[in-house]
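S.K.: Construct all of the structure, not just a fragment, from the sequences and the given hints.
Chains as they are written, first to last, in the UniProt record's numbering: chain P, 1 to 274; chain Y, 1 to 414; chain U, 1 to 304.
These are computed hints drawn from the structure, not numbers from a lab. In this text, a Cβ means the ideal position worked out from N, Cα and C, and glycines have one as well. A few of these clues could be false.
Capping the alpha-carbon separation at 35 Å, the derived lysine-lysine pairs in DSBU-like fashion look like this [as the list claims (entries may be wrong)]: (1) P:K56 to U:K109; (2) Y:K43 to Y:K172; (3) Y:K146 to U:K61; (4) Y:K146 to Y:K224; (5) Y:K146 to Y:K136; (6) U:K195 to U:K111; (7) Y:K400 to Y:K339; (8) P:K56 to Y:K339; (9) P:K5 to U:K298; (10) Y:K281 to P:K56; (11) Y:K171 to P:K43; (12) Y:K136 to Y:K281; (13) Y:K281 to P:K43; (14) U:K61 to P:K190.
Label pairs and their calculated CB-CB ranges [said to hold, decoys possible]: (15) P:E168 to U:Q296: 42 to 50 Å; (16) U:K298 to P:P163: 34 to 42 Å; (17) P:L44 to U:F294: 19 to 27 Å; (18) Y:D143 to P:A78: 28 to 36 Å.
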Amino acid sequence: METKKRLGFVSNYLLLIILGSLFALPFLYTIYTSFVTMQDVNKLSGFSNLTFQNYKLFFTNDAYNVPQWLINTVIMTALVILGNLIINPMAAFALAKLDFRGKKIVFWIVLGSMMVPYHMILIPVYVNVAQLGWLNSFAGLTVPFLYQSLYIFMLRQFFVTVPGEFIEAARLDGLTKMGAFWRIVYPLAKSSLITMSILAFAGTWNSYLIPSTLVSDPERYVLVVGLNSVKDAFFENTPLIMAGVVLTTLPILIFFFIFQKQYIEGISSSGVKG
Amino acid sequence: MRKKLKLPATLMIIFALILVLAACGSKNEGDNQTAPNGDGDKKTTVTMGFWGTAQDLKTYQDAANSISAEYPNIELKIKQYPSSDQFWNALPGEIAAKVAPDFIKISNEGALEYINKGLFAPLDELVKTTGVDMGKFNKAASDIWKVDGKVYGVPNSSSPAMFFINEDMWKKAGLGAYPTTWDEVQVAAKKLTTKDVYGITINLDPYHITNYAKSFGGGWGNGKTINTPENVKALQTIFDMYDEGVAVTPKSLGFGWDGEVFSNGKSAMTTGGHWYKSFLKDAAPNLKYAVVPVPKGTVNGSTLISDAYVVLDDAKNKEAALQAAYFMTNEKVQMDFLKLGNNSSLTSLSDKYFESNPEFKAVQPAIDYSTDFGYPEESKKFKDELVNNLENNILGGMKKSPQEILDGIQAQFK
Amino acid sequence: MTTNSNKQSRLRSIADSDMAVGWLFTLPFLVLWAWWFFYPFIQSFIRSFQDANFAALDEAKFIGLQNYITILHDPQFYRAVLHSLQIVVIAVPIQTVLGLLVAMLVNQKIKGKGIFRTIFFIPYITSQIAVTTVFMMLFKQGTFVTEFFTLFGFADTTWFADTRYALLFVSLLFIFQQIGFSMIVYLSALQEVPKDLYEAGQMDGASKWAQFRFITIPYVKPITFFVVSVATILGFQIYDQIAAISRYGALGSPAGATSTVVTYFYQNGIRYMNIGYGSAAVVLFFFIIMIITFLQKKLLDEKG
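M.R.: Dropping the structure here:
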C-alpha cells in the first residue's frame, strides 16, 4: 500500500513535470528571444550573445513612455474588473437562482452576445464612443466592458450548483432573496469570483483591438498598444516584440500567482449542505 | 403577486431605455473639432495620420513644429497609429464620426482600390488654388499618382524594385559578372544551391511576382491583361526554378518574408527593395551583398514603389491639407527620409540619394523604366487570389499550369 | 407608523420577489448590453442588407437579401465553415478533457502546485501572436518537434506552410492556449465539490475512478457545459493565430487551408471593405454557433 501510494505520487509528479515543461517551453523561448539581437533570432546561439538592449530601448527612447502606459493599463483593468465584480454576479445570480418571466430570453442574450466577433460592431461602437466625446479616455475603454457576457455565463454555471437550501435558510433567518445574495451567496462564491477576476484581468490587460482603435494619443496608450507601436515600418523586430510580450505578461503572472493560492482543496460549501 | 410586479418591471425597462437614449444623444454637439487657438487669428488645424518608426515620427514632429514659417495659418497635428492595420480598423469609424485625419501617407501598392472607392480627394483644382508646385517631382512618381488623368497624391518617395545577391556565396561558387537576365539567374541558382542554401528566394507575394511579370514585358494592366503570354512566361520561369529545386518560398523555411531568408544565409539571391538596407544592417551586419536591377526576362521592367501624401475626401479644409502635405516634401524633410534609405521623389535630390546610398547605385537607371503595380481595382482580392493560386501549386502540390492559373484569375477580374 | 411599516413590508416583498429582484439584478447588464452591444449590432445587422462601402457609409444602397444569396453560392464560404467545424471537432473535446485532467493534477496537495498552476496558465495569458510566433519557430522543417511527430507518421515539414497540416497546426495552437482557461475554471469548480462526498465514497470502498465518475463528473457538469460551449465559440472565432501565420500572405494561408468563417468575414468585410457582405457573413455565422450551442445546452445543461 505504501509503495503503491508513493508510486502514484511519483508518477503524478512525472506527469506534471512533463506536461509542465511542454507548457513552459514557448514562454521560455519568448524570454530567450527577448534577450537576443536581430542577428540571432531563429537560432539557438547559446547564452554568450544575450543582451539587454531590447529592454533598454523601451526605457530609454523618448517615444516610448512605458511607465505612463503601465499606469493607464492598471487603471483600465482595475475599472473593468470592478464593474465586472458587481454587474456580472448579480445577473448571474438572477439567471441561476431566481425564477422570473423573461429569464430564458436574458440567458440567450448573454450567450448570443458572445457569438459575434467584436470586429463586426467595431464601427458603430466607435461612433458611439466618439459622439460621447470618449475617444482617448478611460470612459471609452471601460464603460462598454463593465459587464462581460462570458463571465455572466460562467458565474451562472457556478451558481447553479449552489444548493437552494442556502437561500431558504437565509430567508428563514429573515433575509430577503436580495439580501441572501449579497450576504450569503456572494461571499461563498469567492473562488468563482477569483476565477473571474483572474480571467478578466488577463483579458483586459491583454486587449488590443479596442484600445488600439479608440486611443490614438500615445500618452493614453495602454501597454500592449504602446509596445506594439514600436514595430519598424518595413519588417518586424522579433526580439523587441518578444521583450514587449514579456513585459506585458509578467504582471498577469504575478497577479495569477498571488490569487491562485485561494484555491485550496477541501474548503468548500459542504459545511452548510442540507 | 406576479401581476403587481409587472408595473415596476416595465417602469425599470422604460427607465433603462431612457437612460440609453439620453446617453446616446447627449453629447452629439460640442465635439465638432474646432481648433481653439490662443492668438485670435484664425488658424486651421490639419491632422496627418501616420504609422511607422519612431524616427519617422520625429521627422514629422519637427516638420509640424516648423510649418508656421511657410504656412502661418496652419497648425499641423500628427496622429500616430500603432500600425497600418490599426489605421484601417479605425478609419471607417473615424470617417463616420468625422474625426478622421485630413491627410495620410500611403504606398502606391494597392492605392487604386481606395482611390476608386472615393476615399481620397482629386487634387487638380486644389493645386491651382493653392499654387503648390507639382513639377518638382520626378516623372515616374508623378505618373503613378495620376489616375484617369487626375492627380491624387503628393509623391514622397520613389524607389525601384531591386535584386539582391549574397556576394560571398557568389564568389565562392566561382561565378563572374552579376546576372542581368533570368536565364543567367537560373544557371547561377543551380550552382549556388547546396545542401542548406537555395539559389534564390521567390516569395509568393504579389510584389515579387509583379516584378517577374514586368521583366517579361507583362503586368496586370489594372485587371485587363492578367492572362497575357508575357505573364504566363513570367510564371513559368518561377515554376521552373521551383521544379529544379533551386528556389524556395520563405514560408516553407518557417520565415515570414524574403529578407529573413536572405539575412539568414538560406538563399543566395532574392528580389527585394530599399528596405533591405536598414533590415540587413540590424539582422546581418556582416553579410556582404550586391544590388542590381531586377533581371530581364525579355525587357527591362520592374515596379516602382512610391509613397505619397493623399488628402482624404472627408477632410474639413482640403486646401490646407494639401498645403500641409506639400510641406512634407520640402528638401529638409526629404533629406531626413533620404538618410534613412528612402529615395526622394524630388528630382533635385535623386543624385544625393545614390551618393549617400552607394550600394544602390546600380539601380539608378531602373527608376526611368519602373512603373506602377497595375493591380485591378479590387487590388486586395486580386492579390489574395494570386497568392492562393501560387501557394496551391508550390505548397499544396497542385499541378496547374501558369496559363490555367492566370485564366482562372482573369475570369474573376474583367 | 403604520404607513411606514407598510412601506417597509412592501419594499421587503419586492426585495424578496423573484420577478423584481430578477429584473433588478439583470438591469445593469441589460442597459450596458443594449447600449454597447445591441444597438451597434442592429446597425451592423441592417448593413447586411446593404451594399456598403466604408468610405461613404451614408451612400449605402439597400439590396435586400443579395449579400446572403451571394454568400450561400460561394464555395469558399462552405470551405470556411468546414474548416471551422474541423477545428472545433478536434480542439474542443481535447482541451476539455485535458483541462479537467490538468486541473485535477494541480488541485492535489503537492509541493510547488502554485508554480505548476502558473505554468499551465501562461499560454492563455501570453499574447496569441507571441505564442504563434514561437510555435512557428518550433514547427518548421528539421526541428526536434517536427522530427518527433514523424514518429506518428507525419512528414518532416514546415507545418503551417503545408496545406495538409496547417489547419491542424492552428487547432494545436488553440488547444494549447485554451487549456489554461479550462484548467482554471475547472480548478475553481473542483473547490465546490463537497469533500465529505469523497470521504463517504472512500468509506464505501469506491475506487478512484468510481469517485471521479460518480462524484466529480456530475458535480462539474454545469461547468463542463460552460467550458465546452465557450471553447466552441472561441474556436469558431480564432483569428489572431491565423492572421499571424498568414502575416505576409493572403489571410487563410497557405492557399486558403486555414480559412475559417471568421477569416471569411475579415477578408470580405474588412479587407475588401465590403461591410454589408461581411456583416451578412457574421449573421450566418451567428446562426451556426447558435444552433451548435443550443444542442450543447440540451446535451449538457439539463438544469437550466
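S.K.: Evaluate each hint against the coordinates.
M.R.: Here is how each hint holds up against the structure:
1. P:K56 to U:K109: violated (41 Å)
2. Y:K43 to Y:K172: violated (63 Å)
3. Y:K146 to U:K61: holds (29 Å)
4. Y:K146 to Y:K224: With Cα atoms ~18 Å apart, K146 of chain Y and K224 of chain Y stay inside 35 Å; holds.
5. Y:K146 to Y:K136: Cα-Cα ~15 Å, so holds.
6. U:K195 to U:K111: holds (21 Å)
7. Y:K400 to Y:K339: violated (45 Å)
8. P:K56 to Y:K339: holds (25 Å)
9. P:K5 to U:K298: violated (40 Å)
10. Y:K281 to P:K56: holds (19 Å)
11. Y:K171 to P:K43: Holds, at about 26 Å.
12. Y:K136 to Y:K281: holds (32 Å)
13. Y:K281 to P:K43: holds (18 Å)
14. U:K61 to P:K190: violated (52 Å)
15. P:E168 to U:Q296: 42 to 50 Å: violated (31 Å)
16. U:K298 to P:P163: 34 to 42 Å: violated (24 Å)
17. P:L44 to U:F294: 19 to 27 Å: Taking Cβ atoms as reference, L44 of chain P and F294 of chain U lie about 49 Å apart, which means the hint is violated.
18. Y:D143 to P:A78: 28 to 36 Å: For D143 of chain Y and A78 of chain P the Cβ distance comes to about 55 Å; the hint is violated.
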